[in-house]
Amino acid sequence: MKLSRTGYGVLALATSSALLLAGCASGGGDGGGSTGGAITVGTTEVVTSLDPAGAYDNGSFGVMTNIYPFLLNNPVGSSDVEPDIAESAEFTEPTKYTVKLKEGLTFANGNELTSSDVKFTFDRQIAIADENGPSSLLANLDSVEAVDDTTVVFTLKEGNDQTFPQVLSSPVGPIVDEEVFPADALASDADIVAGKPFAGQYSLESFDKGNLAAYKAFDGYQGLWGAAKTPEVNVKYFADESNLSQAIETKAVDVAFRSLSATDIEKFEGMDGLNVVKGPGGEIRYIVFNFNVQPYGASTAEADPAKALAVRQAAADLIDRDKISEQVFKGTYTPLYSYVPDGLTGANESLKGLYGNGDGGPDSERAAKRLADAGVQTPVVLNLQYAGERYGAASSEEYAQIKAQLEADGLFTVNLQSTEWGQFTKDRVADMYPAHQLGWFPDYSDADNYLTPFFLEGGFLVNHYNNEEVNSLIRQQLVTPDADERAALIGQIQDLVAQDLSTLPMLQGAQVAVAVDGVDGVTLDPSFKFRFGTLTK
Amino acid sequence: MTLDIAAAIPATVSKSRSGGGLGRYILWRALLIIPTVFILVTMVFVLMRTIGDPITASVGDRLPPAQLAERIHAAGYDRPILVQYFEYLGQVFTGNFGTTLSDNRPVLEVLTTFGAATLELAFFTLIVAFVVGIPLGMLAAYYRDRGPDATLRVFAIFTYATPVFFSGLLLKLIFGIWLGWLPVSGRASIATELKIQLLPKPSGFYLIDAIRLGSLEAIGDVLVHAILPALTLGLMTAGIFLRLVRMNMIGTLGQEYVDSGRSRGVSEYCLVTKHAYRPALIPIITVIGLQIALLLGGAVLTESTFEWKGLGFQLAYYLSARDFVAVQGIVALLAVIVALSNFIVDILAALIDPRVRY
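Protein chains in written order, with this note's numbering: chain A, 1 to 537; chain B, 1001 to 1358.
Rather than coming from a laboratory, the hints here were simulated on the basis of the structure.
Treat the hints loosely; a few may be bogus.
[To be verified] Derived PhoX-like pairs (lysine-lysine); straight-line CA-CA distance at most 25 angstroms: (1) B:Lys1195 - A:Lys216; (2) B:Lys1195 - A:Lys251; (3) B:Lys1274 - A:Lys196; (4) B:Lys1195 - A:Lys196.
[What the hints assert, rightly or not] Per the computed footprint, the stretches of chain B lying under chain A, defined by three or more beta-carbons under 8 angstroms from a beta-carbon of chain A, are: (5) 1175-1185; (6) 1307-1315.
Backbone N, C-alpha and C define an ideal beta-carbon position, used for all residues, glycine too.
The task is simple: from the sequences and hints, build the whole structure.
Right, dumping it as structure tokens:
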């Protein structure tokens, strides 16, 4: 039959063409491909802007960390800060923080990097105050003065602010070139790449937003991290973690960092040719109790502070974080027993001894006794709200586990509900939720970032918790220069809040990267910064 | 997703009742574009404001209500919706689509950058749709009510009724993961993309840019990356074409002039491929207009599934970020594309099909 033969011929031709193309092309079975000696990092992070005044998110800061210079920065392996492109940095008066720059600093475009650029950087942040930007971190900054080419003096509103050095290493801290960036407006990504105002370990050679970035080591970098070990790094941006997972599995990328699913990470741990690297993470997941509308809360018909406290404490007794960590998150989130996560100076495990079996596990008898002693009728009905859209698909499984754990011995009846994020943010501050999910990623790696925003005068939680002793200790630690003394104060704050249970800390996110065999130097430390410069291949 | 093909054809014919010359018909059809786009843009404007604002989406769990309200006020999102709406319309009429809220990009740049990727996908998709749909439709008509016809009809229903995100994942699983033959995401490999980035003024159409590179490897790489997304979206359209061509071919094969040709000894092959084939294709022109809308809708899911970074992919991202400005800009452009393509198709149909009177 003539027609059939032609049809089959067309089909055969189409199939062979496809196979030929597959043979011609360099990369099969992946979205990437080898790029010679360069290291290719895959990520699902989103970059908002390359302009430090216009971005306050992990994806953008991940780029800035590697291309812009900072006055202070975290040495590899530490959450504390040290001078980076600065020669020295110290409080010369309670409200004066003086930074001396190294001599002969330049940007990748050849422009000199002087104190004038530093003053320009911070004045610009405050002048622009972009809604997506980090200028709010400079709330305590009054003015900046360039004394000479290498000396800058920051004048603070409140003296002895011990978080200020950390602020200089945070997303508000990248120093920009005053000859490239406008003083009162954001610069476009294209203008930034073209202007090469980079003086970090790397210079950004090309940037296709949301798709691909190409970095080249900057040999003029004189900072804390030293010369980059790999001359070229490419970053491929994926929108979907399953595509990132496929890319590392097929070795289309050399390193996959943030975010892979817990299931994929578990799979890669046993796979030849791939190495899973883990480090402490700054992200925390927790439950907020609203002191007004929780069972026996201040604005309920049966208001009783003692019973309300017993309810919160009984909930803390019943939670099995290990189980959630293992079963839901496959170890990519680890149990969190206090307010400051493990790895940061001052962190402790204040909840461990106070609740459950004393070793982190649940104890239903202790919970039952606590409720009975306080005269609380069981089961306690608790409405618990979560926002899976914001905190990931695993939230539904996580909160199903929490519900099951609270209800296991009949002490609680939990009404679990998920709400769309826009509505959730309105409801949570309108006393609509007796208890609800929240998460946090730090602005900088200092314990205070887990205390002041949450508990000082009620903080952003707006859950009607306000403890004067806690407020006083928070203010005290902020201005205590002695590191040991400050750490002790931070410990006391955690102990006090652990008794009150304004929030119930649940889990701490681990940083996880997967690297192919032959790639070394993946460093995930409590600074929460991913440095390209330590990678080797 | 289904399409009422039978209903699609008379729709064009019915427009012929208005009377007047071709010029008046074209003018009338052109004027209809304005309210179509206007209504869609207005609907999107209102809907976007019912799902929250970008500031709350971004920092709703970091700031106290007072600071949050301060930021929302500074951005002007707490002003009456009518004020915001007229301000937006004013900007649009002056050609200013604004700057995206979530990643600070001029909307026009977003439209041109990602629009090129979507157009390239549409191009590959239509190739698949034509290459698969038309010959198979002819084959089905030729074997009317026999085994091959039944099989092809089931195939057609299967392809256009299967959601693209499902067929996309299925193709990825089979050809990307199990067989490892084809790439599962992206528009090209990293090496090719880096080369394209270094071109002076890259066009955004990777195939054109790869040809400019003069590298067979790059061209092959781009084409290989296009296979699965184009198949996913193209097969859906091909199913519709298949059924349409079959239906029209059957009608044409029953015409007297075909019988006459047959009686004069013209071969069946010639009758099908030369005499009956061309008249049967006319309705496809009408359906292509409708397919553009379907194709752009499917592109959102297809692009997301395959990380094909086009307008659909970006639209999904901007929606999750509640980026009013970006979503409005993209939807306005999509509305214009759909309205214009329907306009062109209507004009072509009026010119080609003698049954259409104006």
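Evaluation of the provided hints:
Of the supplied pair hints, the one linking Lys1195 of chain B and Lys216 of chain A holds, its CA atoms being roughly 15 angstroms apart against a limit of 25 angstroms. Distance restraint check for Lys1195 of chain B and Lys251 of chain A: the Cα-Cα separation of roughly 20 angstroms lies within the 25 angstroms cut-off, and the hinted pair is therefore satisfied. Restraint check: the Cα-Cα separation between Lys1274 of chain B and Lys196 of chain A comes to about 62 angstroms, which exceeds 25 angstroms; the hinted pair is violated. For the given pair, Lys1195 of chain B sits about 20 angstroms from Lys196 of chain A by alpha-carbon distance, which is consistent with the 25 angstroms threshold.
Coverage of the region 1175-1185 of chain B by chain A holds [criterion: at least 3 residues with CB-CB distance below 8 angstroms; count 8]. A count of 4 residues in the region 1307-1315 of chain B with a Cβ less than 8 angstroms from any Cβ of chain A is obtained; the coverage claim is therefore met, three being the minimum.
In this structure, only the earlier hint numbered 3 is contradicted, and the remaining ones agree with it.
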